[in-house]
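Participant: Letter by letter, the chains look like this.
2 protein chains.
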Amino acid sequence: MRVLGIDPGLTRCGVGVVEGMPGRPGKLIGYTVVRSEPDEDISQRLLHLDRSLAELVAAYQPESVAVERVFSQHNARTVMGTAQASAVAILAGARAGLPVQTYTPSEVKAAVTGSGTADKAQVTAMVTKLLKLDAPPKPADAADAIAIAICHIWRGGTRARIQAAALAAARRSSR
Amino acid sequence: MRVLGIDPGLTRCGVGVVEGMPGRPGKLIGYTVVRSEPDEDISQRLLHLDRSLAELVAAYQPESVAVERVFSQHNARTVMGTAQASAVAILAGARAGLPVQTYTPSEVKAAVTGSGTADKAQVTAMVTKLLKLDAPPKPADAADAIAIAICHIWRGGTRARIQAAALAAARRSSR
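Top line first, the protein sequences correspond to chains E and W.
Numbering-wise (this note's numbering), the first sequence opens with residue 1 and increments by one.
Numbering-wise (this note's numbering), the second sequence opens with residue 176 and increments by one.
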């Protein structure tokens, strides 16, 4: 399963592509950060992000897209831009006909570090270790995006196993 | 000048198209509300809005798009969805190669009623009067979108006059 993870942001939007299966070490396919300048026009910033993400989805051909969910309790000054960037990120997957899943920051942290309150350094360290990278991915926005992709692979696997078990149980009871 | 105004929202997104010039009564070309269900998947909601707005821009062929700006001090429960819808609205104009302008709610209210603190009923009443409509446009989201388009026409005119005056002054001083 190849997943494109997105850590939405208007100034820096992290993108990480991971291939893997639940319970096995994943493989990092690529990562990047899409940037735009805060003094640029909002319509041009959103358009640049939209085009860049569409190109990345076309280039990496993921089977699904995972996006970090934004909460209003975040920094009020930047939260609106982050929410807008998240809409562009979700659209990038939806427009390509891919399933899009969102995860809370604590779900992502818990998936890769075992703790929902881990800091950025811990997330970067675990991403580096889990994917057996020679050096930590930089900047941190890219590491977060990779962590989101890993979270989706593992959680997706859990969900797939639960669905398979439910299906098997339903088959047994209908015999 | 034909303007497509958008009052962004995820559950109800108002769209109003007005043709006019600064200082003259405008003409209502059309209006609608794009809806999606709160229990639907966020990616499908954003995709529906994206496609609907792209179709409306293609159908009405506006020369510019005006979108109401979202603030984080709004209702915290709905503000994230409104911010996401605003990104889709801004993109609808940008992707069509149109200039996109955003206005604060008080700029819009002041433009049509003379008061930045007017309520929805006053905005609807003034939109009905200004455009000489037989009946007020419904629902209120549509009236707000029409008000945003009127605001853009008038403000655009003000800006155009200021630019023209500045240009004329520059020409005089360079003689």
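Treat the hints as calculated values from the structure; they're not laboratory data.
Virtual Cβ for every residue (Gly too), placed ideally from N, Cα, C.
Among the clues, some could well be false.
Stated by the list, open to error - Here are some, though not all, of the chain W residues that point toward chain E, as calculated from beta-carbon distances under 10 Å:
| # | residue |
| --- | --- |
| 1 | 216 |
| 2 | 225 |
| 3 | 227 |
| 4 | 231 |
| 5 | 232 |
| 6 | 236 |
| 7 | 257 |
| 8 | 261 |
| 9 | 269 |
| 10 | 273 |
| 11 | 275 |
| 12 | 277 |
| 13 | 297 |
| 14 | 307 |
| 15 | 308 |
| 16 | 310 |
Participant: Evaluate each hint against the coordinates.
Facilitator: Taking the hints in turn, this is what the structure says about them:
Among the interface hints, the one on residue 216 of chain W holds; its C-beta lies about 8 Å from the nearest C-beta in chain E, closer than the 10 Å criterion. For the restraint placing residue 225 of chain W at the interface with chain E, the shortest Cβ-Cβ distance is roughly 6 Å, inside the 10 Å limit, so the hint holds. Proximity of residue 227 of chain W to chain E is violated relative to the hint, the smallest CB-CB distance being about 13 Å (cut-off 10 Å). With its C-beta approaching chain E no nearer than about 17 Å, residue 231 of chain W sits outside the 10 Å limit, and its interface hint is violated.
With a least beta-carbon distance of about 13 Å to chain E, the hint placing residue 232 of chain W at the interface is violated under the 10 Å criterion. With a least beta-carbon distance of about 18 Å to chain E, the hint placing residue 236 of chain W at the interface is violated under the 10 Å criterion. Interface hint status for residue 257 of chain W: upheld, as the beta-carbon distance to the closest one in chain E is roughly 8 Å, under 10 Å. Because the smallest distance between the Cβ of residue 261 of chain W and any Cβ of chain E comes to about 6 Å, under 10 Å, the interface hint for this residue holds.
The beta carbon of residue 269 of chain W is positioned within 10 Å of a beta carbon in chain E (closest approach about 4 Å), and the interface hint is therefore held. Taken as an interface hint, residue 273 of chain W checks out: its beta carbon lies about 9 Å from the nearest beta carbon of chain E, inside 10 Å. Nearest Cβ of chain E to the Cβ of residue 275 of chain W: about 4 Å, under the 10 Å cut. The hint holds. Proximity of residue 277 of chain W to chain E holds as hinted, the smallest CB-CB distance being about 7 Å (cut-off 10 Å).
Hint on residue 297 of chain W is violated. Least Cβ distance to chain E is approximately 27 Å, over the 10 Å limit. Taking 10 Å as the C-beta contact cut-off toward chain E, the hint placing residue 307 of chain W at the interface is violated, the least distance being around 32 Å. Restraint check, residue 308 of chain W versus chain E: the minimum CB separation of about 30 Å is more than 10 Å; hint violated. Interface restraint check for residue 310 of chain W: the shortest CB-CB distance to chain E comes to about 34 Å, outside 10 Å, so the restraint is violated.
The structure does not agree with the numbered hints 3, 4, 5, 6, 13, 14, 15, 16 stated previously, though it agrees with the rest.
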